[in-house]
Amino acid sequence: MQDDQVSFTQMKDGTKEEYLLLQELEKPYIALTADRILDELRRQGDASLEGYKINRLQHGLQAATRAERDGADIDWVVGALLHDIGDGLAPQNHDRFSAEVIRPFVRWDVAWVVEHHGIFQMLYYAHHYSWDENARDQFKDHPCFDSCATFCERWDQSSFDPDYDMLPLEHFEPKVRQVFARKAYDPENVREGFVSSLSA
1 MQDDQVSFTQ
11 MKDGTKEEYL
21 LLQELEKPYI
31 ALTADRILDE
41 LRRQGDASLE
51 GYKINRLQHG
61 LQAATRAERD
71 GADIDWVVGA
81 LLHDIGDGLA
91 PQNHDRFSAE
101 VIRPFVRWDV
111 AWVVEHHGIF
121 QMLYYAHHYS
131 WDENARDQFK
141 DHPCFDSCAT
151 FCERWDQSSF
161 DPDYDMLPLE
171 HFEPKVRQVF
181 ARKAYDPENV
191 REGFVSSLSA
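Position 25 of the sequence shown, counting from 1, maps to 25 under full-length UniProt numbering, and the rest follow consecutively.
I should point out that these hints are in silico values taken from the structure, not numbers from a laboratory.
Ideal Cβ placement from N, Cα and C applies to all residues, glycine included.
Among these hints, one or two may not hold up.
Simulated restraints on C-beta separations [unchecked claim]:
1. His127 to Asn55: 20 to 28 angstroms
2. Leu22 to Ala90: 25 to 33 angstroms
3. Asn55 to Gln5: 37 to 45 angstroms
4. His171 to Ser130: 38 to 46 angstroms
Cross-link-like lysine to any residue pairs, in silico, SDA-like; alpha carbons within 20 angstroms at most [said to hold, decoys possible]:
5. Lys175 to Arg43
6. Lys175 to Ala200
7. Lys175 to Ile30
8. Lys53 to Tyr124
9. Lys183 to Arg103
10. Lys12 to Gln23
11. Lys140 to Tyr124
12. Lys183 to Glu24
13. Lys175 to Arg103
14. Lys183 to Glu26
15. Lys175 to Ala31
16. Lys175 to Glu68
17. Lys175 to Ile74
18. Lys183 to Arg36
19. Lys183 to Val101
20. Lys140 to Trp108
21. Lys53 to Arg154
Using the sequences plus the hints, can you model the full thing?
Here is the structure:
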């Protein structure tokens, strides 16, 4: 076995020492998570929202700017910025994909809202396709229902305006780096069961 490589070809054959080696070797890659997130956001600047007046990056920037201007904390601002980060690879379930990107690092209510914002957004357009615009009502007894409704009304559905004075990605970069530098799934960050305010 090379010093920087395991000997097994099936995971079930790995030793504790090999898995500890892998854990150590993966640390630099994990440390660059924020860089990869920011790179994906920049790529979204080249990805149109077909038919809309803005691109995908601008939509996220507008949502995050609105959140920040409402006095939302860092988890909500980063959640708003990244709520559609999954569009590139998972356009049919981007909400759930996006939630999994942020889930290890933000409060559970923020991840829940991002995960469900797609169905809540249907309130604004589903009737045009003869779909159920009230599909979100299946979650009416969930503690995050009002948070998700507010997120969609104030920050998501309203953020398609080419004239909105949005803050640039560089403004949000320190917040992205701070959130993704957290220990993954730290109970102090996740705060399971706590429902936070979306504004100051």
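Item to check | Broken hints, by number | outcome: Of the numbered hints, all hold.
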